[in-house]
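Trainee: Sequence:
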Amino acid sequence: MTSTYKPFELCSGCWQYNYEYVGPLLADDYNDFSICANFDFGAEQFFSGLQIIIVCKKDEEDLKDLVVSEYSDTTDDEASIASDGDSDTSSTSSDDSSNGQDHATSGSQDSRDSDLPLCTVVYEIVDNSDCNWSAITIRSRPAQTMDDGTYRILYEHIEPTSSATSLFLFLNANKSFRGVLKRTASGMACNLRVRTGIAARGVRILPPPPRQPRFANPPPEILRLIFAASTDDRMYVPWRTTLIAFGLVCRAWALAISMIYEDFSRGHSGTPRPDPLLLAKALRLNPTYGRAIRQFTPSHFPHRQEESYQQREESIVTILEMATRVKDLTVTDTLNGLQDKLVRALCACTEVQRFHLDSMLPRERPSRYRLTLPDIVQCVAHWPRLRSLAAYGFGSSNFDSAQSVEGERTPNPAPPSCEMQKLHLQAGDARDSDLLRLASSSFSSLTALALVNVTGLTNAGVRTLLAAIAPNIVSLTFVKCSFSRKDPGEERAIDATINQMRNIQELRVDGDVFSELVFTRYEKDPSKPRHGVIKLAKVPAGTTTSQFLTVLRHTNWKRIELLRGFDELELRGRAFAIAAEEGIELMD
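Be aware that the sequence shown starts at 1, since it is given in the numbering used here, and climbs by one per residue.
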């Protein structure tokens with residue numbers, strides 16, 4: 001975090017502004033530091049050169065052996081070349097002159113011959129130790145400090161303005177800026193060498209105010225960097241209040257406050273989460289900030305005792321109405337009577353990439369409305385960038401409450417145009433037509449499909465879906481599902497399409513949705529190694545018979561997990577022996 005100090009007034013009406021920061025490069029060396037100086041807006045016209053002086057108090061006992069020198073990792077030859085090429089500058093360090101009183105050399109004659117004064121920048125190194133730590137720090141001082149005879153010069157550098165208008169010095173002290181633990185009474189010491197950025201100090205020299213250009217707002221990219229640095233710094237607890245107040249003072253900077261709205265889950269620094277009632281009110285007054293929201297979930301706004309559920313739910317829907325550019329979106333159940341407004345708000349969020357429906361309340365609670373699969377399909381039709389959808393607990397398509405929303409729909413809504421990669425439906429009622437419509441635009445992109453405890457689907461509908469996505473599916477899960485068949489002879493959907501799933505890596509199924517054909521039809525290719533994992537629970541009777549031993553020699557599955565799949569111990573032993581021969585990982 002950058003810190004600034006009170007500026008110093010210089011001759012001719014110029015001003016010196018000092019700042020300090022920590023360099024971005026991490027280092028193990030505790031003693032390095034840097035100084036940066038710049039003449040801005042033509043301030044160099046008022047001076048013959050820039051003089052950097054580093055001092056310490058003569059009577060400071062702990063600093064009596066302090067030495068400051070220029071940092072260099074070059075060879076002797078390289079150092080000499082650098083010195084020859086820099087003939088217009090002059091520097092003196094404490095290890096080059098015992099008294100440090102030779103402030104000028106022949107290399108700085110140009111600045112001495114000029115009628116203009118030197119711009120003198122003074123830094124004092126002070127002892128910053130306490131009972132446990134031994135450390136130093138560096139602080140800016142006015143040029144008049146040199147008139148006091150109580151200081152010892154540690155380092156001096158002169159740069160003529162004819163040579164450059166900026167200066168960057170890499171220096172080194174023989175004491176630590178980051179601090180080292182002192183020896184304890186027992187004689188033990190710990191260095192705690194934590195990698196940190198080097199200490200850095202800077203100074204800007206500005207001309208008299210009439211010669212300074214009018215302040216212009218930095219571009220939005222710079223503003224966002226400033227706000228990002230503030231929001232990420234956990235040491236500055238009241239950052240939210242400070243930034244909002246700052247935005248009110250300087251309205252031209254207020255656009256950077258959008259950083260606060262992007263994601264309410266981070267950057268709180270221990271402060272309370274936003275009040276949804278107040279946030280909704282603020283967004284009504286300024287909808288622009290609503291469009292800055294990129295991640296949204298009701299869990300960002302915990303319930304407060306002083307607000308009613310009705311107020312909270314209305315506020316959350318209002319926030320969603322403004323968050324039209326949200327990308328990562330999570331919603332839950334809403335109150336009856338708000339479902340139409342909620343669905344319209346979701347449809348307006350046209351940049352959604354990840355959608356998560358999380359229903360935590362009992363299905364039978366009458367005051368709550370749970371989004372149905374038709375509701376979700378209607379919303380997805382407005383989300384062309386959607387890549388992942390997970391719905392944990394969705395309502396029945398046949399509930400009367402669902403019909404009220406359906407009545408608000410367009411008679412022939414546009415089909416989805418997104419290309420989803422992941423689809424997870426759990427704990428809800430679905431119809432074949434809705435499921436196929438939901439996935440219709442993702443047949444060639446869907447790589448992961450999970451149906452868990454989903455009712456209402458038929459075997460024929462699931463087979464149609466699997467046939468469409470089989471070439472690209474990588475992960476497939478059917479758990480606690482039962483797909484109705486017209487007659488017992490109808491082939492199961494997974495059995496009928498498993499031979500088309502050549503990219504499958506994981507198949508997890510249970511119950512009556514599969515048979516031994518998931519092994520035999522997923523046949524090993526002699527020219528390729530086995531791959532993929534199959535996890536089976538509630539294995540139907542007759543799946544693991546003596547025929548299963550032959551299946552093991554020809555199936556393409558690399559790993560087979562059977563939950564209580566063997567009734568006969570002898571068969572189990574023979575199966576494990578064959579699996580070991582074939583290089584198959586068999587588990588039960």
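In short, the hints are calculated from the structure, not lab data.
For each residue, glycine too, the CB sits at the ideal point set by N, CA and C.
Possibly wrong hints are sitting among the right ones.
To be verified - For lysine-lysine, the following PhoX-like pairs were computed, each having C-alpha atoms within a straight-line distance of at most 20 angstroms:
hint, residue 1, residue 2
1, LYS524, LYS538
2, LYS535, LYS480
3, LYS535, LYS558
4, LYS558, LYS528
5, LYS480, LYS558
6, LYS64, LYS6
7, LYS524, LYS480
8, LYS327, LYS422
As the list claims (entries may be wrong) - Pair ranges (Cβ atoms, derived):
hint, residue 1, residue 2, range
9, ASP147, ASN286, 34 to 42 angstroms
10, ASP358, HIS554, 18 to 26 angstroms
11, ASN174, SER299, 26 to 34 angstroms
Trainee: Give a verdict on every hint.
Mentor: To see whether the hints hold, each was checked on the structure:
no. : hint                                   : verdict
1   : LYS524 with LYS538                     : violated, 25 angstroms
2   : LYS535 with LYS480                     : holds, 14 angstroms
3   : LYS535 with LYS558                     : holds, 11 angstroms
4   : LYS558 with LYS528                     : holds, 12 angstroms
5   : LYS480 with LYS558                     : violated, 24 angstroms
6   : LYS64 with LYS6                        : violated, 29 angstroms
7   : LYS524 with LYS480                     : violated, 29 angstroms
8   : LYS327 with LYS422                     : holds, 16 angstroms
9   : ASP147 with ASN286: 34 to 42 angstroms : violated, 55 angstroms
10  : ASP358 with HIS554: 18 to 26 angstroms : violated, 43 angstroms
11  : ASN174 with SER299: 26 to 34 angstroms : violated, 53 angstroms
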